[in-house]
Amino acid sequence: MVKAKSAKKNPYELFDRNTQSFIYNNQVKATQRMLDFDYVSCRETPSVGAIINPSGSDSFAKFFFGKSEILIPVYKTLEKAAKMHPNVD
Numbered sequence: 062m063v064k065a066k067s068a069k070k071n072p073y074e075l076f077d078r079n080t081q082s083f084i085y086n087n088q089v090k091a092t093q094r095m096l097d098f099d100y101v102s103c104r105e106t107p108s109v110g111a112i113i114n115p116s117g118s119d120s121f122a123k124f125f126f127g128k129s130e131i132l133i134p135v136y137k138t139l140e141k142a143a144k145m146h147p148n149v150d
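So the sequence shown is numbered by my numbering: it starts at 62 and just counts up by one.
Hints are computed from structural coordinates only; laboratory data are not their basis. It is possible that some hints are incorrect.
The calculated BS3-like cross-link candidates involving lysine-lysine, where the alpha carbons are at most 25 Å apart (straight line), are [claimed, not checked]:
id	residue 1	residue 2
1	K123	K90
2	K144	K128
3	K141	K90
4	K123	K137
5	K144	K123
Just the calculated beta-carbon pair ranges, DEER-fashion [said to hold, decoys possible]:
id	residue 1	residue 2	range
6	E74	K137	24 to 32 Å
7	K137	R78	25 to 33 Å
8	E140	C103	32 to 40 Å
Even for Gly, the Cβ is constructed at its ideal location relative to N, Cα and C.
Generate the whole structure from the sequences, applying the supplied hints.
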């Protein structure tokens, strides 16, 4: 799992190079495409902080970030994901 840097944003900034998000449901192709874009954009940390899959269980999902495999946490509820990843916007 890759930890994002904690950077303070100005109130008017919606996104920056450190912004992370949640993916809702098990959208494997969309998640991998986001990670591919992050890699070619030279992001240091992936923009996907976690996946929320209400029909699954808490686990990890394996994806590629460039040539490396990374594990992204999967949570059953949004509440738990938000508690575990306060840096996600």
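We went through each hint and held it up to the structure:
1. K123 to K90: holds (12 Å)
2. K144 to K128: Distance ~30 Å between K144 and K128 Cα, so the pair is violated.
3. K141 to K90: holds (23 Å)
4. K123 to K137: holds (17 Å)
5. K144 to K123: Distance ~22 Å between K144 and K123 Cα, so the pair holds.
6. E74 to K137: 24 to 32 Å: holds (31 Å)
7. K137 to R78: 25 to 33 Å: holds (30 Å)
8. E140 to C103: 32 to 40 Å: holds (33 Å)
In summary, the one numbered hint that this structure violates is 2.
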